[in-house]
Amino acid sequence: MHQRPSFWYAAPAFAFFALFAALPMVLVVVLSFTSWDGLGTPQPNGVDNWARLADDGQAYDAVGRTAILMVVSWLVQTPIALLIGVWAAGRQRSRAVLSSIFFLPLLLSTAAIALLWQVMLDPNFGVLQSLGGPLGDVQFLGNPSIVLYTVAFVITWQYVPFHTLLYQGAARAIPKTLYEAATIDGAGRVRQFFHITLPQLRYTIITSSILMIVGSLTTFDTVLILTNGGPGTASRIAPLHMYITGFSGFEMGYASTMAVLLVVVGTGLSLLVMRVTGFRSMTSQQEGA
Amino acid sequence: MFRRSRTHALITMVAMVAAVAACGTSGPAAGSGGGGSFKVWALQDPVLNPIEKTSVEGSGGTLETFGNDPYKQKLRVAIGSPNAPDVFFNWGGGNLKEYVDADKIADLTPLLDENPSLKSAFLPSVLDGAKINGKYYGLPMRGMQPVVLFYNKDVFSAAGATPPTTWDELLALVDKFKAAGVQPIALAGSQAWTELMWIEYLLDRIGGADVFKNIRDNGPAGWKDPAVLEAATKVKELVDRGGFGTNYASVGYDVGGASTILAQGKAAMHLMGSWEYVNQLGQSPDFVKNGKLGWVPFPTLPGGKGKPDTVVGNASNYYSVTSASKTLDASKKYVATALNDEKYVQSLIDAGDVPAVTGVKDKLAKAANSEYTTWIYELVEKASVFQLSWDQDLTADQSTKMLTQLQELFLGKTSPQAFVDALAAG
Chain W
0 MHQRPSFWYA APAFAFFALF AALPMVLVVV LSFTSWDGLG TPQPNGVDNW
50 ARLADDGQAY DAVGRTAILM VVSWLVQTPI ALLIGVWAAG RQRSRAVLSS
100 IFFLPLLLST AAIALLWQVM LDPNFGVLQS LGGPLGDVQF LGNPSIVLYT
150 VAFVITWQYV PFHTLLYQGA ARAIPKTLYE AATIDGAGRV RQFFHITLPQ
200 LRYTIITSSI LMIVGSLTTF DTVLILTNGG PGTASRIAPL HMYITGFSGF
250 EMGYASTMAV LLVVVGTGLS LLVMRVTGFR SMTSQQEGA
Chain V
0 MFRRSRTHAL ITMVAMVAAV AACGTSGPAA GSGGGGSFKV WALQDPVLNP
50 IEKTSVEGSG GTLETFGNDP YKQKLRVAIG SPNAPDVFFN WGGGNLKEYV
100 DADKIADLTP LLDENPSLKS AFLPSVLDGA KINGKYYGLP MRGMQPVVLF
150 YNKDVFSAAG ATPPTTWDEL LALVDKFKAA GVQPIALAGS QAWTELMWIE
200 YLLDRIGGAD VFKNIRDNGP AGWKDPAVLE AATKVKELVD RGGFGTNYAS
250 VGYDVGGAST ILAQGKAAMH LMGSWEYVNQ LGQSPDFVKN GKLGWVPFPT
300 LPGGKGKPDT VVGNASNYYS VTSASKTLDA SKKYVATALN DEKYVQSLID
350 AGDVPAVTGV KDKLAKAANS EYTTWIYELV EKASVFQLSW DQDLTADQST
400 KMLTQLQELF LGKTSPQAFV DALAAG
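So the protein lines, in turn, are chains W and V.
Under numbering that gives the first Met the number 0, the first sequence has 33 at position 34, and the numbering climbs by one with no breaks.
Under numbering that gives the first Met the number 0, the second sequence has 18 at position 19, and the numbering climbs by one with no breaks.
Only chain V is shown next, with the shape it has when bound in the complex (with noise of 0.2 Å):
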């Protein structure tokens, strides 16, 4: 879910270009500045980078920016070698877990615990994004971003539908507005991650967030539980029954070829992360501002195993401390006392982001886009599990062959049966 926040990054620009002119240039801070500071890596996202800026160059140290789709590999590249930075940004998780078994991150369970104001600060479910082994390697500095159902309400409303909240009434939407002639669910299949938004909730609400968990930490044999071979199904039916239209597969969501064919009435519905609405106010702004678009949680599964108040996505973006940092105090320090940082929090929310801080709920309230701000804080709030995105929470290798295998799905060229074969045997 790397390239995500690139087309948050892209679309936010143009909407909140004004508010980036005011700050200033945003662009990778200058070498390596005065002895002893600390070096802080992070993506580029011209709404958060400021902010970032301001915050890291507050408490002495200096900010890094790199472009989506090096970052991961100039991160591997850097991390053990004499040019790591002292602080980076990541995704928690499976992601977080291979640098940690590497003995590269430091812990910072002993931070938390002498200060249980600041381990209060934050979400548990989603302070627990980064928690890996029973210990914490990294604490949230900006956002959460769970994936929810969006739909069109004037579409909805033309066709005499309400909102689903079974995954039966899913499928009766979907004949529904096949009927109608409307694509039923917007796809960006030409890129795994959006398919994986589905089969992530679809699993979670059959068979609970220990079935992913076990294929998380104890290998591929995991897959072969019965409830991925029911989900893996459910996905083939809805497929199958035309839910997706005919040309997902070479539609891109980088290019907003999903979040256009929604806005212009073209598709119903669209399972994306919150970035969405940032997003879509970007590109169609009429639309989101004239109240065309909803928002419903994503469906539940009577009889199902899973708590239908899971909600999968990107729990946070983390900042973590490598373990060989010439600066270890000054950035442990830095990551203990200003993510939670009242100024920096509020930049965030002004920004259009629902930090994962405790308590902001009234904060969030008075700002901008309050009604869907504070629906999505809300729903992270009383969420039992967070589970984050599957192929942030896998091992690299492990996710790629998973999200190849999820596109072969989605394209009918695998059985569910031989989609659970292949991914068990790794």
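Excised from the complex, chain W in its bound form (with noise of 0.2 Å):
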């Protein structure tokens, strides 16, 4: 009989969890109650926060704007990431090299990627505007329609390497033996794909998606440096709405309001796709294994 570790094997992982994630969410849970602009003691004030916050019109536009982020982003980097990852699986030295090029944005920080497009996209001295054509004239930074658009896609070319790395990996532990009894079989290429990648790289799917949706709930610094919201508000996403909120306007009450709200999306999120997927059921994909 296997015996399981004693719980005392978890205790440092719960203290660290208690002390540096827990509470400081009981705390912002506790200020979200409260009044309190940064200068002496928090004054409770009921539920205000909460009425305000309901009827607050920039709050749903930030969370509507994130909700566009956050599917824009699923529906553009899944595909491209589960593509390039199962290309760069295969052994041939050319795939190494070109995918060492691609992993490269892994390197950057987020600021300095942010800062790297906030250059070349500058409409009056960028990379592109110099380069003239048509593009050249587009306002991607400047154009509250498009601006959100430009924000995705660099979070996408910051993002898309990670993702590729985690598909990569997993495409290589499918096991050849799928493959070879395929192709006995009479499977093309694509069927191969269809039939065999995809259902074993299913769980792999999961994960970069919960990634992706928790990540993009999150996504902050991108937007601080690469836009700061703007134009106007037309990318001020939910954290960042918070985050003006509270250390410009420091109504840190107000603040913590929103951030219980981004945490209890954020969890009901990914337990949501967890479900949806069933991926707690942790079946094996693979007959008879």
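Read the hints as simulated data drawn from the structure, not as lab findings.
Any given hint might turn out to be false.
[Unchecked claim] What the simulated footprint calls covered on chain W by chain V, stretch by stretch (three residues with Cβ under 8 Å from a Cβ of chain V suffice, anywhere in the stretch; the number is not a length):
| hint | region |
| --- | --- |
| 1 | 41 to 54 |
| 2 | 138 to 145 |
| 3 | 188 to 197 |
[What the hints assert, rightly or not] Far from chain W by the CB rule (all over 12 Å, computed), these chain V residues:
| hint | residue |
| --- | --- |
| 4 | Gln190 |
| 5 | Thr357 |
| 6 | Leu410 |
By construction, the Cβ of each residue, glycine as well, lies at the ideal position given by its N, Cα and C atoms.
Take each chain as given, in its own frame, and dock them per the hints.
In structure tokens form, the structure reads like this:
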């Protein structure tokens, strides 16, 4: 009989979690029922913040923008990362070289990436602008109806390599025997992809999707540096709205209310994705294994 | 306007790197120093820091400096905690008022009453920037930063134009430059405070200084004053007329976008704080040295209620003393003696600043860039009102909301009426 490890094995992890995740979260919940401008002591104000949130058009808009960003980055990143990942799982040398180049954005910090794209897209002195052509006149960062997609593009550029890496590893773990059997049965490459590779990558797709969804819910630094929510509020997504409320307006209580909402939505979404996809059952994808 | 000094800092760093190098490092002073010595907090600024350091340490204090963006947050957290500074750099106005209301700041009025010569050492309009509820809570510790209209002389002479003195002339110039294929006015519209300067001046020219004073003192309902709507309408007209070109929404000031197109002649005018001069001197030295950079006061608006000599901008930065300071007397003594000290003032002038100290015109005239600095000095000296930038004069939450609405107005996403309604709703 295999003996389960004692609870004490998990104690350090629990302690860290309690101190650095649970405790701050509790404090934020407490703050969300107060009015505090950072000076003096927080004044309890009941559910005022929550009533205000229910009534705050800008907060709704910000959440809407986050939703758009989430959907767009998932829709764009998943197929790209999946295809490149599967391709890069091959063992030829050319793929290794190309993959290494492709993974370069992973080595750059978010701040560097945001600044880089800001300079590239500058309307007067940007690279695109100086190249001329039809793209030179597009206001990628200045047009309120385009800017959110520009942000999604930059985030995609930054994170596709990471998700590609996930898919590459998972694709390499698929047993060769499956493909050999399929070849004997006469299945072509396309059928092999849809009937073996995709089903085998199912849990990787779910993991990567949860990372993307929760990631776009908390994306902040890229937008802060790239657009600071602008022009106007066109790219002011929920976390940035929270930051501006808290650290420019110093309405810490109200900003905490938004933070609680984000935590609840984020947790809810990842639970939902797991339930819908049956991730929790952890059944094997291989017959007989 | 908290970000402005950073640009100022970055640019002057380039221009005056030699000066800084000669003065040694200017990083944060180490730790707490000797017992009883007071602690001063200021913003990182390669030009000012060595001057501040000499002054503070000469009086037995220690100087700690912070990067621009975290400064306000750090100050918020520190004040009221045992780690609070004894003396700190601030912008005066409503920003300082929040600390005063929380009872964190020492009243300097008795100090000024005891020393009439100290009070008369500073320009009254600037000293008033830190006057809250009739009491003084800070003393100016650096140069004045009024907002003025800069222009490119080459572009003007090519178009046969003269700088505008009235609003109508400005509008006529917009059409003229547009026809000539030049962007009439450079605007770093990705940062709301650059847009703020326009409506600050317009509201003052239209309705006088009392309109904003009422908003600040009596709450958001004051935005309903008809003068606000008129100012917002004039902003919209200027935007719709093509005054700022088409791509201002993503032009930034910190990266030098707006200043560069002015220097390169792609734009004709640029409304900016007085630091723009030092900025241009660093980025486009030939443009300034060949005398191609011109400057005039903001145009007047005939028929408006405001006094035509009013200026807006940052009057100065101030040193305030925290009321819980353990070295209250030493800290007060420092701000009372060091800021109008002859040597301190002279070093400010040498660094290109225009100190808010009375009677320095002769000194300015002898220093470098005297044509510009004496003009700035006279502009402020003659001004009947120095309106502090709204984002510093309102409380942080009101100012954040106002800047958001203002950007929407400049983008055309909000009508002038909706702008007023949103602000009045608080």
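Status of each hint after checking the structure:
Given a C-beta distance limit of less than 8 Å, the hint that chain V covers the region 41 to 54 of chain W is violated, as 0 residues qualify and 3 are needed. Evaluation of the coverage hint for the region 138 to 145 of chain W: fulfilled, as 6 residues show C-beta separations to chain V shorter than 8 Å, against a requirement of three. Chain V is given as covering the region 188 to 197 of chain W, and this is violated because 0 residues of the stretch bring a CB closer than 8 Å to a CB of that chain, at least three being needed. In this structure Gln190 of chain V is not separated from chain W by more than 12 Å, as the shortest Cβ-Cβ distance comes to only about 8 Å.
Consistency note on Thr357 of chain V: stated as away from chain W, and its beta-carbon is indeed over 12 Å from all of that chain's, at 34 Å minimum. Separation of Leu410 of chain V from chain W is inadequate, the least Cβ-Cβ distance of about 5 Å not exceeding the 12 Å criterion.
In summary, the numbered hints that this structure violates are 1, 3, 4 and 6.
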